[in-house]
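K.L.:
Chain by chain, the residues run as shown.
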Amino acid sequence: MAADGTMAMSPRVETLGGVAEWRRRRTPVNWGPLVVHALLLLCVAVIAFPIYYAFVISTQTLDEVIARPPTLRPSGNMVRNYADAWTRSHMARLLGNSAIVALVSAVGKISISMLSAFAIVYFNFRGKTVAFWMIFVTLMLPVEVRIMSTYEVIGTLGWLNSYAGLTVPLMASATATFLFRQFYLTVPNELVEAAQLDGVGPLRFLWSFLLPLSWANIAALFVVLFIYGWNQYLWPLMITNTETMRVVVIGLGDLIPRTGTHVPEWNVMMAAAMMALLPPVAVILFMQRWFVKGLIESEK
Amino acid sequence: MKRWPGIVSILTATILFSSPAPSMAKTEIHFWHAMGGQLGEAVNELVRQFHQSQSEYEIKPLNKGTYPEVLTGAIAAYRQKNPPHIVQVFDVGTQTMLLSGAIYPISQLMKEQEIAVDWNDFIKPVTGYYSKDGNLYSMPFNSSSPILYYNKDAFKKAGLPDKPPATWKEVGEASKKLLSAGAAKCGFTTSWPSWTMLENTFPWHDQPFATNQNGYTGLDTKLLINGEFGLKHIGQLAQWQKEGVYSYGGRMGQPDPKFINGECAMLVQSSAVIGNFKRTLKFEWGTGQLPHWGAPYKKQNAVVGGATLWVLKGQKASDYRGVAQFMKFIAEPHQQMWWHVTTGYLPITQTAIRNLEAGYHFKKNPEQWTALSQLAAKPTPNSLGIRLGNFVQIREAIEGEMENIFAGKRTAKEGLDDAVAKGNEILKEFAAANKP
Amino acid sequence: MKRAVFKNRWLPYLLVLPQLAVTLAFFFWPAFESLRLSFFRTSPFGDKTVFVGLENFQKLFADADYYQSILNSFVFAFGVTALALGTGLFVAALATQRIRGLAAYRTAVLWPYGIAPPIAGIIFLFIFHPSYGVLPYWLSFVAAYEFNWLLKGWVAMALVIVATAWTHVGYNIAFFLAGLLAIPTSVLEAASVDGAGAIRRFRSIVFPLLSPITFYLLVVNLIFAFFGSFGVIHAVTQGGPGRATEIMVFKVYKDGFIGLNLGSSAAQSVVLMLVVITLTALQFRFVERRVNY
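Residue numbers (my numbering), protein chains in the order written: chain Z, 124 to 423; chain X, 46 to 481; chain D, 50 to 342.
Errors might be hidden in some of the hints.
[What the hints assert, rightly or not] Here are some of the chain X residues that sit facing chain D, going by a computed Cβ distance under 10 Å:
no., residue
1, 103
2, 116
3, 138
4, 144
5, 273
6, 276
7, 277
8, 280
9, 296
10, 448
11, 474
Rather than coming from a laboratory, the hints here were simulated on the basis of the structure.
For clarity, every value in this text was computed on a predicted model and none was experimentally measured.
The C-beta atom is built at its ideal place from N, Cα and C for all residues, glycine as well.
The following block holds chain Z by itself, in its conformation from the complex (with noise of 0.2 Å):
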């Protein structure tokens, strides 16, 4: 690694893979890694163990849930549990619908957020201001807040209990645009100018040079709009008229008796929740990797 002298000086600072490690100087035993690991363990069970908790329940019977002192270890009424779940709330439906609101609504948003983010870079045309200004300002609000007037929207474009009203309004934000353009604007002058003196057109440009530059964003975006869309309830519940048009997490709701008269089932509520949220959960482990880099490539 380094000279001599450095070492003699701090004779455990060591990197691997460009990490920096953190340890106090002058400790005779390597009390680091293993603190370190105590620490991750710690949270690692803090951060988890409320989903282990709901699959504990889960798994359990009714019982078994109300009882005291609460158990912490799974039982073995799982299969009841969660066939259950399947088959009261017609999961297969739910999760299909789901998937295709996730999926539509990520895939819609990239797609013409990079369209717009592209203009607004590497073009200057009038009313650009105005057109940077009237999309950056849905930056924030949420659907939940406009929600009677957007029904009503809905209603007139006639896009009731269909996918079409499930899944366009939730391209209204600005969040993606916002990333493609902070990215776009750290593109060197370079590449561009190189472009155009090659003559390659603006769309070529996009597609040949941009595009396999932004795979990490765009897998760090897909994530986060993946899990949004997913996770929609107040909207899809709205607009839903029919069983078959449902999302998943409606779908939960529906096993909530909510007149406040009947007792919840909450070991089959937990057994549809693990269900429900396996899905997201699984984008984020795979595409894990991606949404990562993505995130160091748009903060630079």
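Got chain Z; can you put chains X and D on it based on the hints?
P.N.:
Leaving out everything else, chains X and D in the frame of chain Z:
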């Protein structure tokens, strides 16, 4: 990789512009309700039975969320000229529906469809709540009344006789005995706090809840719950909360677990949980009527809670025949009896009740009889029902203040006065928005 | 810095068209509709509408509950941000240490981000449940205090803050990881050569280099907690007990959706929109300056 975007866009376009397949021959009737879990399955079964009885109409039941979500959804759909045929609206939504101009009164519907219904067969507190000018506007669907549940095992442990306390004084005494014997951690708790402790307790004692006959005769209504009776009752509850006799457990059905796991020995809750309790309670339990203060207050009747089915205007004329047939179906004694036995909600026609009696049903299920017995008396102007505009918000304001009282943040007088002030403001707002 | 641009006349318009169309249809149109509604008093079914000018706004600013909801929003937003950011940074810092199983640890802390807020809410509701939850049960061994969130406002607020922060921690961890991994090791090595201990290195090198990300996350977390964190509160406390967890966004929903007071709800939407526009403008002023480092 190059073809991917193309395929995705085609797929996206197809999905975006497709819509659910149109249905075949039968006329569809859309029915939005708030019944989830096992209740939802009971609704589906009821609908299935209707389909077996005829083949022209198909009811499409849909759980649209909680009661408020169902109502708002129906309103939003109505404004878009695309409402469901039937919508289940809870008791507190009655005034909103009555003044809306969007509904098709049940009695009128049946008359125009020439389907005979014996309106006198319905029990009085039910028709009283949902009628205007002697005509029933919505079809009672799931009605219940609040009763007292008590834990017999805990009573035995505390050396109490095996009968439910009938007066509030007895409730207090029993609770104290239970606490000192260690048979329970709290004496009693109440679900649906506003509904049980105010909206029902007032009529039960023949006390007016609000002016204008509880809102029936005018829109310039004001709340009366901070009067002498209200102060007495809520004041006692607040005192008991401090002593551990009473333990506030939240709104709606949230306090139920306290009774279920033995923490509290008594519970005031809707009769609708009877069925569930039968299946889940691990101890011996019994029921009694809603406790009463005794003299000088009369024992009058309780008011129904739950929801009814309203028919909305704006559908094809031919559809209404199917709606009417469904309404007739659910009011028939056989369905009433089935619904009652399956869900625990009350049967609402005298015929159904008589049939159940003949089958010794109430002997086997004395708890249900407890609930019905509270609805037997002929209602007075104070106990016909409560008809307030924006009742949802009012109940919310009341329960918010009750929470302040029980948390010790306000005295009973301050809390009730605040609740009345807020409630009156809400009523004024409603009156202004509904000026004829 | 003068950017290189393309010269087409009409292509840019075509490119922004899809997004503008969606924004116009699903943001501006509903926003104007809300604006319009805020000047009227409407009956729920829409059959009676009365023009009342600024009355809805006047009533709003005279309502103690509205100020309570503003206060709640701030408490909630800062609570969630502090918890989610602090925990995020701590965990990310740990996860960039040189130990085995880094990838596994990272995966294990990132995935809660995928869980729907209503689901998280229900799970936490269960954990905090005064009657069958594990947490009150364990806490009862520690303190005799009854952590009954149904009665005690601050417990309810703590519950929703923890549940909301939990769903968002993964997002922060991911960003912090990215930022920490981007710090050149040469700088850190040089510092330890110079005799700086771990804490000192963190304070004088890592933290300053991390500040652009920290700033970004601070803004995003605050905004999310202030405007977007509807799910947990809706699923768990519905603003209770006694309005203790009623934040502004929830009040809009409650007054409009449940109370059916469309005028007041629209007025609140308008206020929120104005706040959002101001904040966006401010954020861009700051962000623009930052980007040119």
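K.L.:
Each of the hints needs a verdict: does it hold here or not?
P.N.:
Evaluated hints:
| no. | hint | in the structure |
| --- | --- | --- |
| 1 | 103 | violated (27 Å) |
| 2 | 116 | holds (8 Å) |
| 3 | 138 | holds (9 Å) |
| 4 | 144 | holds (7 Å) |
| 5 | 273 | violated (25 Å) |
| 6 | 276 | violated (20 Å) |
| 7 | 277 | violated (23 Å) |
| 8 | 280 | violated (18 Å) |
| 9 | 296 | holds (7 Å) |
| 10 | 448 | holds (4 Å) |
| 11 | 474 | holds (7 Å) |
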